Amino acid sequence: MSQITLPWIEKSPETLSGYRRKAILLLFVLAVGHLGIALVSLFAFKPGQLADWKIPFVLALVLGASLAGMAFTAGAFGVVFYRIIGKFLRWSYVAFALFLGGVVGACLIVWLHAEIFTFIKGLSAAEGEHRVWLLAVPYDHTVRNIYAGLEAIGVEVPVLAYALWPLQFEFIRDLVALGGIIGFISIIPAFGIWWERKVSARIQSRMGPMRVGGWHGWLQSPADGLKLIFKEDIIPPEGDPLLFRLAVYITFVPPICAFLALPFAAAWVFRDLDVALIFILAMLGIEVVGVILAGWASNNKWAVYGSMREACQMVSYEIPMGMSLLIPIMMAGSLKLTDIAGAQAGGFWNWFVFANPWCFIAFFTYYCAALASCKRAPFDLPESESELVAGFLTEYSGFRWSLFFFGEYAAMFIVAGLAVILFLGGWSSPIPEAWINSFLTAVGASPDGFFGTLARGLLAGGPIIFVLKATFLFYVQLWVRWTLPRVRIDQVLYACVQVMLPLVMVLLLANTLWILGTDHLQWGWLNVIDGILHWILVGIGVIVALAILCIALYGFKNNKRLVGQLAVVDQLPGS
Amino acid sequence: MAPEEIANILKDKFGNKITGSNFETAHPHVLVEAKSWLEVARFLKEDPGLTFNLLRSISAVDMLEDDELIAVYDLCACRPGDRETDMCAFDEFCVKVKVPRNNPHIPSVANIWSAADWHEREAYDLMGIVFDEHPDSVMGVEGRHPRRILCPDDWDGYPLRKDYRFPMEYHGIPAVTEYEQTRPVH
Amino acid sequence: MDDLAFYIFAAVSLLSAIGIVASSNIVRSAVCLLGTLGGVACLYFVLDANLLAVIQLIVYAGGTLVLMVFGIMLTSKSPWVGFRATRGQVAGAVLVAILMAVGISTLVLTAEWSQSANAPLKTSPSVAEVGEMLLTDYLVPFEVASVLLLVVMIGAAYLARTEK
Amino acid sequence: MKTDAVDIVLESQPDINVELNGSQIQHDLPTEEMLVNMGPQHPATHGVLRIVLRTDGEMVLEAVPHIGYLHRCAEKIGETVAPYQYIPYTDRMDYLAGMNNNLGFALAVEKLTGLEQEISKRATYIRIIFAELNRIASHLVAFGTYGLDIGAITPFLYAFREREYILDLFESACGARLTYSYITIGGVTDDLPDKFVEICSEFLDYFEPKVKEYNNLLSHNHIFVKRTADIGVITGEEALDYGLTGPVLRGSGVRWDLRKVRPHCSYDEFEFDVPVGQGLKGTVGDCWDRYIVRIQEMEQSVKIIRQALEKLRGTEGQDVLHKKGKTIKLPDDDIYFEIENPRGQLGFYVQGNGAAIPARVKARGPSFCNLCVTDKVCRDVLLADVAAIIGSLDVVMGEVDR
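Protein chains in written order, with the working numbering: chain A, 1 to 575; chain B, 1 to 186; chain C, 1 to 164; chain D, 1 to 402.
Think of the hints as simulated: they come from the structure by calculation, not from any bench.
Nothing here was measured: the structure is a model prediction, and the numbers come from that model.
Be aware that one or more of the hints could be misleading.
[Said to hold, decoys possible] Below, computed lysine to aspartate or glutamate pairings styled on EDC-like, alpha-carbon distance capped at 16 Å:
{"id": "1", "chain 1": "D", "residue 1": "376", "chain 2": "B", "residue 2": "136"}
{"id": "2", "chain 1": "D", "residue 1": "260", "chain 2": "B", "residue 2": "92"}
{"id": "3", "chain 1": "D", "residue 1": "121", "chain 2": "D", "residue 2": "269"}
{"id": "4", "chain 1": "D", "residue 1": "281", "chain 2": "D", "residue 2": "230"}
{"id": "5", "chain 1": "D", "residue 1": "195", "chain 2": "D", "residue 2": "171"}
{"id": "6", "chain 1": "D", "residue 1": "226", "chain 2": "A", "residue 2": "490"}
{"id": "7", "chain 1": "D", "residue 1": "121", "chain 2": "D", "residue 2": "319"}
{"id": "8", "chain 1": "D", "residue 1": "195", "chain 2": "D", "residue 2": "230"}
{"id": "9", "chain 1": "D", "residue 1": "376", "chain 2": "D", "residue 2": "62"}
{"id": "10", "chain 1": "D", "residue 1": "212", "chain 2": "D", "residue 2": "299"}
{"id": "11", "chain 1": "B", "residue 1": "45", "chain 2": "D", "residue 2": "238"}
{"id": "12", "chain 1": "D", "residue 1": "260", "chain 2": "B", "residue 2": "47"}
{"id": "13", "chain 1": "B", "residue 1": "162", "chain 2": "B", "residue 2": "66"}
{"id": "14", "chain 1": "B", "residue 1": "17", "chain 2": "B", "residue 2": "33"}
{"id": "15", "chain 1": "B", "residue 1": "162", "chain 2": "D", "residue 2": "79"}
{"id": "16", "chain 1": "B", "residue 1": "11", "chain 2": "B", "residue 2": "65"}
{"id": "17", "chain 1": "B", "residue 1": "35", "chain 2": "B", "residue 2": "136"}
{"id": "18", "chain 1": "D", "residue 1": "323", "chain 2": "D", "residue 2": "171"}
{"id": "19", "chain 1": "B", "residue 1": "162", "chain 2": "B", "residue 2": "65"}
{"id": "20", "chain 1": "D", "residue 1": "326", "chain 2": "D", "residue 2": "118"}
{"id": "21", "chain 1": "D", "residue 1": "260", "chain 2": "B", "residue 2": "91"}
{"id": "22", "chain 1": "D", "residue 1": "76", "chain 2": "B", "residue 2": "163"}
{"id": "23", "chain 1": "B", "residue 1": "45", "chain 2": "D", "residue 2": "237"}
{"id": "24", "chain 1": "D", "residue 1": "111", "chain 2": "B", "residue 2": "24"}
Please take these sequences and the hints and turn them into a complete structure.
Here it is in structure tokens:
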């Protein structure tokens with residue numbers, strides 16, 4: 001057994017600090033050099049000196065140099081202050097801060113692109129005159145125009161003009177928005193996996209990950225990802241290597257595509273498709289193809305079992321899922337998700353889930369079917385570890401394996417988000433905006449002032465509310481998974497074909513007739529019954545919410561007792 | 001029921017097919033000759049007075065100095081009580097069947113007690129007693145024998161026999177360390 | 001930009017279409033088919049026909065899925081088992097291909113393209129319009145299609161039933 | 001699908017394709033059967049059990065267990081060491097119930113040599129306490145892993161949380177947490193540590209309500225009941241025929257427990273019930289019955305331990321280890337002795353020839369006998385049911401292969 005020796009391990013401490021000093025010096029020199037290049041190239045070219053077609057290259061140089069400079073600076077700081085950074089990481093609640101910051105940041109990026117375009121348009125003095133072609137793309141605003149506009153409002157910063165110039169192209173703005181979405185999607189699995197491990201640990205009276213990153217192991221997911229990247233990449237030689245590789249992407253990309261049509265709030269959506277709902281369903285459907293390919297290309301019997309189960313389950317559960325979704329669509333009269341969510345604004349009693357009994361039941365049928373189509377427990381048959389080893393994932397390892405989980409967690413968030421938009425009022429707050437306004441006025445704050453706007457942004461609805469609601473439904477998926485045993489394949493199909501499908505059909509028919517009676521024919525007696533049932537359902541909703549809150553508080557207060565410490569166990573001589 | 005009574009019942013029924021008995025021991029038993037063991041076994045199981053319905057164990061013993069192998073059948077009678085809540089009644093009995101070492105053949109009782117299936121396979125595998133008409137038999141060099149259960153199918157010899165020598169290698173895999181190869185095998 | 005997208009997606013569709021024919025493995029063919037159909041769906045997106053594109057995805061993705069399942073179930077030996085066409089099958093395929101080529105070229109050549117190129121396209125119909133048209137002007141074809149699907153479902157259920 | 005391992009199976013064990021006389025499913029389409037190798041590395045087989053399944057889609061037509069992957073020549077070793085030296089080897093048979101294995105072998109040897117009359121009362125009660133504690137620990141593992149087999153992961157952690165305390169108790173008494181060698185020929189190796197009685201009774205107070213928690217969490221869970229009720233039904237006669245013992249036999253409704261019907265180790269002084277399967281959720285003898293019998297037995301064990309702790313009160317100062325334990329010579333005689341292990345009846349056949357070393361030691365592991373029913377029960381069931389059935393038999397491969 002040969003031992004791996006690292007050169008700096010054998011050195012004396014003095015030499016080690018010498019190495020460190022050299023590294024710091026090198027990093028600082030590189031950082032200063034790159035930042036210098038960036039600054040020089042920016043200030044060397046005043047607006048008007050440079051031909052427009054050269055701008056992209058200059059920008060690339062500037063951007064690259066400054067990014068590299070920043071990276072080197074950060075590296076140098078890391079080397080110098082590693083102890084302090086470690087302490088900071090250990091003592092802070094960085095995980096939640098990062099998650100929330102990431103959510104807000106990603107949302108902002110998605111949303112800003114529209115605002116910036118309006119801003120640039122406002123800046124440009126001579127709009128439409130300079131239709132010059134660059135890279136076969138027409139553009140309206142030259143840097144000189146933008147700089148003139150900036151000068152007009154008193155901002156004489158040439159750098160800003162350069163930075164704003166590319167944002168007039170829709171393509172560039174879409175790229176920025178895509179960056180935001182992909183950032184958000186990569187936060188979801190990282191946070192979701194860590195959170196699932198913490199939730200499961202809590203349910204099982206354990207601690208879960210506690211080491212990596214200090215506070216409750218919040219860096220566990222990145223650490224796992226790093227480990228998975230370095231693991232051996234195994235491709236079964238008897239399988240089909242091409243499809244084996246392709247399957248990962250077919251599973252991983254569609255859920256990300258689905259995010260393009262998922263609105264986080266009224267304007268916070270990449271593309272507000274009028275067929276957004278069907279688009280998302282189609283994307284979730286394509287994901288299955290990847291799973292089947294994965295099973296097939298592995299050339300493993302367990303994997304084929306897993307993918308066949310997935311095919312069975314997905315094909316049958318898409319029907320009740322789609323049919324449950326028809327009910328809120330019918331209520332809103334649109335397939336556009338922003339319209340559907342907009343129709344439920346103004347207090348939680350307007351949410352479709354409480355609208356009538358049919359919608360109420362449809363919410364649960366949708367959620368069950370969504371669990372099944374996301375292959376989450378108790379419907380996790382395609383990868384049921386006690387029967388099929390790991391199902392279609394049996395032969396996968398390393399980073400490919402983790403990409404499947406990226407897809408799975410993204411899909412989990414999407415079905416939760418869909419449920420929120422269609423049944424739980426989307427991004428609208430449970431409290432009507434008017435109440436918040438009057439409350440703000442009552443406490444003496446202006447609704448349009450800084451704090452007033454902040455309060456309204458947080459409470460009166462928006463992407464944060466949406467993400468919180470979706471995260472709660474995401475949490476319910478975890479909760480169910482760690483509580484229930486797994487059903488059997490025949491029971492899964494029985495539940496779909498013999499129970500859920502007839503039920504959903506009845507719901508659909510009943511809801512149609514109900515809407516006909518209440519909205520179109522205006523039958524008075526039916527409207528009275530509708531009102532009574534509506535408030536009963538609202539009452540049920542309130543009671544359930546309060547019950548969950550009480551249980552959570554009880555668990556929080558009786559922390560120790562839930563863990564079940566045996567008081568005397570430390571007195572045993574052996575322990 | 002005391003073992004003597006059971007032995008008397010058997011002797012009345014089968015006469016000199018019961019070749020001996022010993023009750024002055026920690027393990028009272030009767031000896032049955034190999035070729036009539038099947039009918040004795042069936043009687044033990046099906047006689048309404050005996051109903052030994054639970055075959056607990058078949059222990060194979062190698063008596064090297066007597067040049068014989070013994071199969072020890074430990075039986076147990078589990079008779080349900082009169083009422084649902086009553087414990088079952090317990091009764092135990094032991095039968096030994098002796099066979100010569102060079103040609104050990106005993107009729108299989110796996111059709112009487114299904115439990116005997118794996119026990120007989122184990123006894124064949126480790127001690128080399130051939131149970132004729134065993135339901136899970138394969139064709140070997142010296143005729144049909146039960147399939148091996150713990151050792152691989154192509155294993156040589158019967159490890160629990162007193163004169164067994166551990167093989168030096170198995171399919172090219174050295175089965176003993178170099179130290180053990182040079183040491184005299186006890 | 002749209003032109004670029006068009007060429008990319010058209011290339012994807014065509015290359016996948018060649019892949020369907022060229023591959024001797026049924027599952028690989030199915031994957032190529034998925035590529036073709038997906039490419040066509042993307043072309044619809046480029047043309048702003050969102051509903052059509054989405055329907056294409058949801059219907060044909062499901063269709064490909066079922067095809068793949070059948071492929072696996074009927075040739076469940078190994079990913080490397082391929083199939084070879086007999087001479088008669090090749091001849092039939094060539095005949096069908098020639099007929100289709102002739103038909104499509106005739107259509108393309110005789111169509112009045114100039115009209116649609118000059119006149120601005122009507123903005124793509126919204127889902128609501130499509131729905132209204134289906135339930136008013138095209139009610140009969142719509143219902144006929146529904147009845148056909150119902151018949152197919154009953155027939156499939158009958159075929160799949162275990163003989164007792 | 002091409003898999004080399006199964007091809008080898010086909011060549012070396014031709015009888016796997018034996019025609020079944022049992023129910024043949026009528027097909028309207030010709031389907032192909034597939035051989036699937038479940039194990040020796042498979043999460044549901046609890047170790048290195050290998051089951052070759054002949055499947056038609058999700059249906060399992062035949063399941064043939066193959067064992068021997070953990071064969072460690074325990075019986076051959078028994079012919080080379082003295083009985084007290086063999087005690088550690090018994091630990092490693094059923095490694096989840098080491099105390100009971102120690103007890104079984106110690107009792108067999110003591111009975112053979114006539115030492116059993118000279119064991120002090122205190123040693124006997126200590127033995128009973130530890131055997132019953134280990135029964136609880138073993139059933140906890142059975143309960144937890146059965147949840148895992150059905151797909152519920154949380155009960156496993158609950159079970160291990162409680163088992164940890166039992167292991168702490170064991171560790172305080174003998175220093176080991178898995179392979180104890182605590183109960184030995186002539187008694188137990190050491191007297192109880194200080195305050196053991198108090199801590200043990202505190203543990204029992206803590207543990208008793210937990211059983212209700214398990215029932216709420218798993219036993220009466222609708223999905224769990226649907227997965228286990230009416231699955232893998234073994235009738236009482238079949239169970240006896242196949243030589244099944246322990247909770248598997250009692251799950252089939254046979255009221256049979258060696259601690260009651262032929263008490264060893266002065267179990268006759270104790271008051272406890274023998275739970276049997278009653279078919280509450282389905283048929284008598286299904287997986288659920290076998291499972292619930294284990295849960296109920298844990299409660300009974302708590303009852304026994306409480307009484308034993310009570311009886312321990314007047315016995316302080318008695319010698320817990322007989323001096324002759326290590327120097328004993330075995331007479332020219334043999335014995336077969338069984339005790340009630342958590343998994344069933346553990347029997348030891350010991351033959352002496354006048355020397356200190358036995359001429360033959362044979363262990364009859366309950367798991368070995370319980371496993372042989374797999375072939376019979378796993379016919380025409382679904383793939384997921386195989387996991388449920390194997391789990392409900394609760395086999396420990398260390399004991400099957402010895």
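Verification of the hints:
1. A C-alpha spacing of about 14 Å is found between residue 376(D) and residue 136(B), which places the hinted pair at or below 16 Å, so the restraint holds.
2. For the hint pairing residue 260(D) with residue 92(B), the CA-to-CA distance comes to about 15 Å; that is within 16 Å, so the pair holds.
3. Distance restraint check for residue 121(D) and residue 269(D): the Cα-Cα separation of roughly 12 Å lies within the 16 Å cut-off, and the hinted pair is therefore satisfied.
4. Restraint check: the Cα-Cα separation between residue 281(D) and residue 230(D) comes to about 8 Å, which is no more than 16 Å; the hinted pair holds.
5. With a C-alpha separation of about 14 Å, the suggested pairing of residue 195(D) with residue 171(D) holds against the 16 Å cut-off.
6. Pair hint residue 226(D) plus residue 490(A) holds up; C-alpha atoms about 11 Å apart against a cutoff of 16 Å.
7. Between the alpha carbons of residue 121(D) and residue 319(D) the distance comes to roughly 9 Å, so the proposed pair stays at or under 16 Å and holds.
8. With a CA separation close to 46 Å, the supplied pair residue 195(D) and residue 230(D) exceeds the 16 Å bound.
9. Pair hint residue 376(D) plus residue 62(D) holds up; C-alpha atoms about 8 Å apart against a cutoff of 16 Å.
10. Distance restraint check for residue 212(D) and residue 299(D): the Cα-Cα separation of roughly 10 Å lies within the 16 Å cut-off, and the hinted pair is therefore satisfied.
11. For the hint linking residue 45(B) to residue 238(D), the alpha-carbon distance of about 14 Å falls within 16 Å, and the restraint holds.
12. Between residue 260(D) and residue 47(B), the direct Cα distance comes to roughly 25 Å. Violation of the 16 Å bound is thereby established for this hinted pair.
13. Simply put, residue 162(B) and residue 66(B) have alpha-carbon atoms about 12 Å apart, close enough for the 16 Å limit, and the pair holds.
14. Distance check on the hinted pair: residue 17(B) and residue 33(B) sit about 6 Å apart at the alpha-carbon level, within 16 Å; holds.
15. With a C-alpha separation of about 9 Å, the suggested pairing of residue 162(B) with residue 79(D) holds against the 16 Å cut-off.
16. The suggested pairing of residue 11(B) with residue 65(B) is violated, with an alpha-carbon distance near 28 Å, which exceeds 16 Å.
17. The straight-line distance between the Cα atoms of residue 35(B) and residue 136(B) is roughly 20 Å, outside the 16 Å bound, and the hint therefore fails.
18. A threshold of 16 Å between alpha carbons decides the hint, and for residue 323(D) with residue 171(D) the separation of about 24 Å lies outside it, so the pair is violated.
19. Under the criterion of a C-alpha separation no larger than 16 Å, the hint pairing residue 162(B) with residue 65(B) is consistent with the structure, at around 10 Å.
20. A C-alpha spacing of about 14 Å is found between residue 326(D) and residue 118(D), which places the hinted pair at or below 16 Å, so the restraint holds.
21. Taking the CA atoms of residue 260(D) and residue 91(B), the gap is near 13 Å; set against the 16 Å cutoff, the hint holds.
22. For the hint pairing residue 76(D) with residue 163(B), the CA-to-CA distance comes to about 12 Å; that is within 16 Å, so the pair holds.
23. For the suggested pair residue 45(B) and residue 237(D), the alpha carbons sit about 12 Å apart, so the restraint of at most 16 Å is met.
24. Taken as a hint, the residue 111(D) and residue 24(B) pair is honoured in the structure, with Cα atoms around 14 Å apart against an allowance of 16 Å.
The structure shown violates the earlier hints numbered 8, 12, 16, 17, 18.
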